[in-house]
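Those protein sequences? They're chains A and B, same order as listed.
Each residue of the first sequence is one higher than the last, beginning at 2 in the numbering used here.
Each residue of the second sequence is one higher than the last, beginning at 12 in the numbering used here.
A couple of the hints might just be wrong.
Partial list, computed: chain B residues near chain A (C-beta under 8 Å) [claimed, not checked]:
#, residue
1, 18
2, 22
3, 25
4, 33
5, 91
6, 92
7, 113
8, 120
9, 122
10, 124
A short list of chain A residues far from chain B (calculated; beta carbon distances all over 12 Å) [stated by the list, open to error]:
#, residue
11, 46
12, 47
13, 64
14, 78
15, 93
16, 120
17, 143
18, 235
19, 258
20, 259
21, 280
No lab work stands behind these hints: they were computed from the structure.
All C-beta atoms, glycine included, are put in the ideal place defined by N, C-alpha and C.
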Amino acid sequence: MARIIAGVTTSHVPAIGAAIDNGRTQEPYWQPVFEGYEFSKRWIADQKPDVVILVYNDHASAFSLELIPTFAIGCAESFAPADEGWGPRPVPVVQGHPELAWHIAQSTILDEFDMTIVNRMDVDHGLTVPLSLLFGQPEAWPCKIVPLAVNVVQYPPPTGNRCYSLGKAIRKAVESFDQDLRVMVWGTGGMSHQLQGPRAGLINREFDTQFLNRLTSDPEGLAGLPHLEYVREAGSEGIELVMWLIMRGALEADARELYRFYHVPASNTAVGHIILENPGARPAKAHS
Amino acid sequence: MKNYTNAFKDIPGTTVFDATQSRLGYHLNMFCMALMKAENRAAFKADERAYLQRFPMTEAQREAVLGRDYNRMIELGGNIYFLAKIGATDGCSFQNLASKMTGVSEDEYRAMMIAGGRPAAGNRSRSDPAR
Numbered sequence: 002m003a004r005i006i007a008g009v010t011t012s013h014v015p016a017i018g019a020a021i022d023n024g025r026t027q028e029p030y031w032q033p034v035f036e037g038y039e040f041s042k043r044w045i046a047d048q049k050p051d052v053v054i055l056v057y058n059d060h061a062s063a064f065s066l067e068l069i070p071t072f073a074i075g076c077a078e079s080f081a082p083a084d085e086g087w088g089p090r091p092v093p094v095v096q097g098h099p100e101l102a103w104h105i106a107q108s109t110i111l112d113e114f115d116m117t118i119v120n121r122m123d124v125d126h127g128l129t130v131p132l133s134l135l136f137g138q139p140e141a142w143p144c145k146i147v148p149l150a151v152n153v154v155q156y157p158p159p160t161g162n163r164c165y166s167l168g169k170a171i172r173k174a175v176e177s178f179d180q181d182l183r184v185m186v187w188g189t190g191g192m193s194h195q196l197q198g199p200r201a202g203l204i205n206r207e208f209d210t211q212f213l214n215r216l217t218s219d220p221e222g223l224a225g226l227p228h229l230e231y232v233r234e235a236g237s238e239g240i241e242l243v244m245w246l247i248m249r250g251a252l253e254a255d256a257r258e259l260y261r262f263y264h265v266p267a268s269n270t271a272v273g274h275i276i277l278e279n280p281g282a283r284p285a286k287a288h289s
Numbered sequence: 012m013k014n015y016t017n018a019f020k021d022i023p024g025t026t027v028f029d030a031t032q033s034r035l036g037y038h039l040n041m042f043c044m045a046l047m048k049a050e051n052r053a054a055f056k057a058d059e060r061a062y063l064q065r066f067p068m069t070e071a072q073r074e075a076v077l078g079r080d081y082n083r084m085i086e087l088g089g090n091i092y093f094l095a096k097i098g099a100t101d102g103c104s105f106q107n108l109a110s111k112m113t114g115v116s117e118d119e120y121r122a123m124m125i126a127g128g129r130p131a132a133g134n135r136s137r138s139d140p141a142r
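Excised from the complex, chain A in its bound form (with noise of 0.2 Å):
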C-alpha cells in the first residue's frame, strides 16, 4: 500500500528559482537562503520518496480568468515548464504519477470534494521552485510528481479548513492506492508578503513564528482562522498559507517536527520552511 511518510512546506519566491537559475546562490544576499535548506536537501536523498503531490497555487500562468478552479490535479503523464514571460525556467519537465493522481481524484470527489482534473497543464514558479530547493538541479527530478493547483488569486479562495479537510481525504486516498509507494505532501507560498500596493513589503516574523508553532501543536485551531486575519497578518499574498493545511491535514495527528528553518527576506517575502515526519516514517534503507 501507498504511505505517506512525511510533509515538507516552504515558500516558492521567484526569485529564488532565478538565483538557482543564474548561479547567484552563493552571493551574500542569497547564501542563508540556501543554507537552510542543506539539511532537508541531505535529508531527502536519504528518503527517497516515489512520489511527491506538490500542492501549489498557478500564478496566472496555466490558469488565467477563462477559467479558476479551486482545487485542480494534474492527471497528465507530464507537466512542462511555464513560460511566465522571461522564456521557461531550465528545470527538467516534471513528470506525472496518472495513476496515482486519477486515483486521489476519483476518491476525494467521491468523499465530497469536487476535484477539477486537469490533463495539460504547464507549471510556473510555485511548483518548480520546491522543487529545485529540496533537489537542486538534476537532469531529472528524481520522483514523480502529482501538482495540486489552489485558487488562492481570485477572492474568495478555500477556507482554511477546506484546505485542512482536504489533506485529510488526500490521505485517505493515498492509503488506498494498491501499489508499495512512499509519498511525501509538500505544502508551499508564503510566508508573509505582500507584493501589491501601498503597503508592499509587509513582513510579519510574529506572525509567521506563530503559523509555524501551530501548524504542528494546534493544526485544528489553525484551520479556523479566517482569511481576514491571513491578510491582514500576513500580507495580500500571505493567504498563499492556506496551502500548508494542505500539507498538514495528509500528515498524522501527532506528526512532528523534524526541521525548521525562517529567514528574511527573499525578495518580497520570507522564507518559511518546514519538514514534518509521520510517526513510524522509516528511512529509504530500512523500506527496500
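Dock chain B against chain A, hints included.
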C-alpha cells in the same frame, strides 16, 4: 458575502481581488495574459498604444498601462500576478514594481526588506493609531 468582502477594506494600502475587481479588470488582466507569448510582447513593445486597442478595456486602463501606474491599474481591476507580466516585459524585477507602488526608490525598498520589511504594527487597520 458583502460583509466578507467589505471587511478587507479596513486593511490599508491593500486591494483584495474580489468579484467586483475581477469583473472591472477582466480585459486589462487578459491583456497581461497575452504578454506570456514572445510575439505579443514584441507587438506590444513595437507600438504600445496600438496593441492596447486590441483589448476592449477602458481608456483609463490603457492610460494606466502606458504610464506604468501599477496602483492605478490595481484600482481599475488589475491583479498583481497578471500585472507582473507587464513588468517582466519591461525587464523590471518585482522589487522594482514594489518600489513604484510604494513610492520609494528601488534602493530604499530593497533596504527596507533587508531590514526586516514593512512592520505589521501600524499597518493592520485604517484605524491604527500610528496612521
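Requested in this report: Please verify that hint: residue 25 of chain B, Cβ, nearest Cβ of chain A, below 8 Å or not.
Outcome: Status holds, d = 5 Å.
| query | Should the label of residue 258 of chain A as a non-interface residue stand, given a Cβ cut-off of 12 Å to chain B? | reply | holds (24 Å)
Beyond 12 Å from every chain B Cβ: check whether that's true for residue 120 of chain A.
holds (20 Å)
Chain A contact restraint on residue 92 of chain B - CB to CB distance below 8 Å:
Given a least distance of 4 Å, the restraint on residue 92 of chain B holds.
**Prompt:** Beyond 12 Å from chain B, beta-carbon-wise, is residue 143 of chain A?
**Reply:** Residue 143 of chain A clear of chain B: closest Cβ-Cβ about 29 Å, beyond 12 Å.
Against chain B, does residue 64 of chain A hold up as non-interface, every C-beta pair farther apart than 12 Å?
Nearest chain B Cβ is 10 Å from residue 64 of chain A, so the label is violated.
Handout entry: Given as non-interface: residue 93 of chain A, which should sit over 12 Å from chain B by C-beta
Key = holds (21 Å)
**Q.** residue 280 of chain A remote from chain B - nearest C-beta pair above 12 Å
**A.** At roughly 35 Å from the nearest Cβ of chain B, residue 280 of chain A sits farther out than 12 Å, so the non-interface label holds.
Check: For the hint on residue 91 of chain B, does the least C-beta distance to chain A fall short of 8 Å?
Finding: holds (4 Å)
Open item on the list: A closest beta-carbon separation below 8 Å is what the hint needs, so does residue 113 of chain B meet it against chain A?
Closed with: Nearest chain A Cβ about 5 Å off; hint holds.
Check: Beyond 12 Å from every Cβ of chain B: is that where the Cβ of residue 259 of chain A lies?
Finding: At roughly 27 Å from the nearest Cβ of chain B, residue 259 of chain A sits farther out than 12 Å, so the non-interface label holds.
Holds or violated: is the Cβ of residue 124 of chain B closer than 8 Å to a Cβ in chain A? holds (4 Å)
In summary, the structure is inconsistent with hints 9, 13, 18 from the numbered list given earlier, while agreeing with the others.
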